[in-house]
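Protein chains: 2
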Amino acid sequence: MVDTRHFVVIGANAAGLKAASKARRRDPNMRITVLHKGHFISYAACGLPYYVSGKVSRQDALYSNLLGVPRTPQFFKKMKGLEILTHHEVTSIDRNDRRVAGRNHETGEDFSFEYDELLIATGAQAIVPRIPGADLKNIHTLQTIEDSEVLRRLVGKGKKGVIVGGGFIGLEAAEALVERGVETTLVEKADQIMLALDYEMSVIVKRHLEDKGVTVSTSDAVLEFKGDDLGNLKQVVTEKTTLDADFAVLGIGVKPNVALAREAGLEIGLTGAIKVDERMQTSDRNIYAAGDCVEMRHLVCDKPVFVPLGSTANKQGRVVGINVTGGRETFPGVLGTLIFKTFDMNVGRTGLTEKDARAMGYDVETVIVPAHDRSHYYPNAKLIATKLVAEKKTGRLLGAQVVGMGDADKRTDIFAALINMKATAEALGNVDLAYAPPYSSPIGPALTAINVLRNKLSGDARGISPMAVRRKLEAHEDFVFLDVRNQNEYDDIHIEESVLIPLGQLRERMGELPKDKEIITFCKISLRGYEACKILEAGGFKDTKFMDGGVFTWPFELVT
Amino acid sequence: MVDTRHFVVIGANAAGLKAASKARRRDPNMRITVLHKGHFISYAACGLPYYVSGKVSRQDALYSNLLGVPRTPQFFKKMKGLEILTHHEVTSIDRNDRRVAGRNHETGEDFSFEYDELLIATGAQAIVPRIPGADLKNIHTLQTIEDSEVLRRLVGKGKKGVIVGGGFIGLEAAEALVERGVETTLVEKADQIMLALDYEMSVIVKRHLEDKGVTVSTSDAVLEFKGDDLGNLKQVVTEKTTLDADFAVLGIGVKPNVALAREAGLEIGLTGAIKVDERMQTSDRNIYAAGDCVEMRHLVCDKPVFVPLGSTANKQGRVVGINVTGGRETFPGVLGTLIFKTFDMNVGRTGLTEKDARAMGYDVETVIVPAHDRSHYYPNAKLIATKLVAEKKTGRLLGAQVVGMGDADKRTDIFAALINMKATAEALGNVDLAYAPPYSSPIGPALTAINVLRNKLSGDARGISPMAVRRKLEAHEDFVFLDVRNQNEYDDIHIEESVLIPLGQLRERMGELPKDKEIITFCKISLRGYEACKILEAGGFKDTKFMDGGVFTWPFELVT
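The listed protein sequences correspond, in order, to chains A and Z.
Counting in our numbering, the first sequence runs from 1 upward without gaps.
Counting in our numbering, the second sequence runs from 1001 upward without gaps.
Honestly, the hints are just simulated from the structure, not real lab data.
Fair warning: this is a prediction, and the values are worked out from it, not measured in the lab.
Note that beta-carbon positions come from the ideal geometry of N, C-alpha and C, so glycine has one too.
Fair warning: there could be bad hints in the mix.
Unchecked claim - Here chain A is said to cover these stretches of chain Z; the calculated rule only asks that three of the stretch's residues, wherever they fall, bring their Cβ under 8 Å from a Cβ of chain A:
| no. | segment |
| --- | --- |
| 1 | 1079–1092 |
| 2 | 1223–1234 |
| 3 | 1494–1508 |
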């Protein structure tokens, strides 16, 4: 062996093993040692909710490769030439001597390794809130294989489960629990679930959960977990109520495991995660960090963020593997892209939400555009709602949220690709996306949303958000809230404060409307709403607007 | 009315009606007249195969709006304020007098209209080949509602149908016919179906058609259609055989309807379609043209192309509608993006194929990377094969082809978005695409393909295409063609000229291989093939390569 350099990796999941494998492929002679605290390595943490639900039926599917071979240390030894030591917990890093030390929990012996390059891939840990009773039995996070095994035993028909936290782990857990027959209640402290979405988009998701039988209680914090004499959870006491519970799932987020790095004196970022540069180097150039324990740059707003995801961990691991073997590779940052499935609904976002963007001082234009995911006459065409956020001054697209039963993941990725390239709305209206009836309508939901945005940015269309309409209603402002759908659509469901004139009658009946008042039009998805605006403008009405998203995305009460 | 300008549109399908509707929304006072030769307007031509198959069950679904209201001239009058005259065939354009003239086929009367601005949206026409017997009964194109009605009557269990042409209309028709129980043969003159794909990608599609029971005969031209005394088709005589046939579907392409434009002296482009600028103006600035009758710029190679598609027609119509009402909007061009479904397979492409790119003189690097469309442990994960074509010198992505049972349409659109933004492979490896197990693997098929491409461009990985391997085999070159899959995978299916050493045994058994010979490795999808290459390199083998795409995309014979 010519190369006697030693690359030590702490943590044998996504980032750590990707880095080690990549390094090995690039340098067959380098010594590589991966130290892992636990038993299971290289497991698909993102797959755990599907193991709980039973969609993934075997535990070993979560850590097997394409051919069904379990990714054990032996597997990595034989196939990738990697040395992986499980049950090896690193407890300290000596940067002067370039040495890590710790304990082998199987043998009880201490170990110590010199390194030339070190990777900290210690991941993140599910947060357990400081609430009385949080240490009772049957309260679990959903982060490890062990967690999922326990939950599989706890779920069952007629059981009562409480999920604490309406983030994506909470929502994926909700689906798993309901599929297993559990009476499920989700409690969320904020006034909306999925804080990663804007309020009105989160309401679409909330309604879907409720349709599927989940009780969702927002603006409601858990105050106490109550147990019986055996220490088993029995009740969850919240601000609003007391829930009987056979078990609880905690989904309130994760925090990066930074203790090792902090004790070694490495710089910790503003988000509380380890600070790294584009090459994934920490403040010590011989120490890299990657995966769920590091903070990263947000490519839209250029601020540090903490968005731990398996996709990012893999990419960062690859970058480290290249850099420790003499390459020069960078990980520029993230867009905060998220996707998740909850029951039949697909929920995606990328870039900044309106809320985020405004908080950062951007002057934004937004649109909410529901549209069918494929040609409306093709079987199983479904609506998805797209919200776009753009900077008014430049037209630059800042973020997208796509929610619905239809193909939202494709549109999320299209927007991620475009936002990644710093595209403006102007540049996007004519992108040659793929069209055939099974896959899209001719212009498609993504470009339709972009075109509405362009119309708004250019002043060609005047829209108003449902949130702004709501504020007007609450302030009892004097305006006409004009529904232009058909009578039967109106009878089926409508907004209480609205009046109805179907679009087809509008040219004849516009005399019924006052010319001196503001008129806000809408329909189911606001396509007819926009059309109505234009008809009224042509008829001499000066102050007309259409409401974004129509009835489909109206986030407040509806009369049925 | 202040505005007395008259906007005349010839053709009431995608481009024409989009332009008229947009113009009306922007200018309520403009006089707009749409002249249409036929009876049906605004129908979804792309939906016709699904109407023949029965997936779309009602004819009026093809020309109804979201609410099921048929888009008749009355509908457009009431809802959009447009005047549409059907059965009005325009036969001449007088550019000096700005006047169109023609005949109303319902009344038999001539008509004439002055225009201020004219739009030619005359579409394209299915090509009927000059073959003896092509005028027999039961030989049909699939372009109009009338065509599809006839075909619906002709299809049926046990009937024999011949499809001429293996383009996407031919392939969509094949699915429709088989679903209706027709014994289907597809005859294609070229040596591959789907000339819009590279050869090896087209083979994946061909195999799928064959799996579904379609007889596919490539490199085979139709010589004659033979009929009975009543003039009904009975046999199709090809270069290779004679096929009994109850009917035939012609799917050999379309040609733009340019007669009116040519007679009016407007410039016709190199492709034979009407030449327009970015604003969709013809060589006469008062005359616009849009939709299937115009040529457009290819955004990758900057050459004029003729790619008639409903999506493009809609976008161009929108541009015309804006420009005739005082706006300044442009249609920059297309990427040649195509998507279609044939049975369970999704087939997409965007940008240039390798074939196209080489013919244009680009020095290209290519990869073929099969990968699962979602986490492999998630139910219904399916393989898709991605072929990428990049310019060697610059790393600029020139084209992508994505084929498989999995979610190929999403990846096609991701690549379309990226190629549209003129992205290089370098810039793409870390795009923050959406990941969760139901939607993608952590890195995902698109970025995996890009990473393999980057490895090749940087010299980090040496690959060879299946086509190049085939040429070596045919030239009886002396090399080792090394399959590194497992024994049972090999027993199931393999390439005749290959030898087997499973990857797990390679480190021990590499002594069996000659160090002085070229070694080309592969597996099912060439992930293990790449790994094997790296192991051999580490073992001192100097001349190793992995074969792109593995057994999954090997386009030649396989031993089962």
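(message) Check the structure against each numbered hint from earlier and tell me which ones fail, lowest number first.
(response) 2
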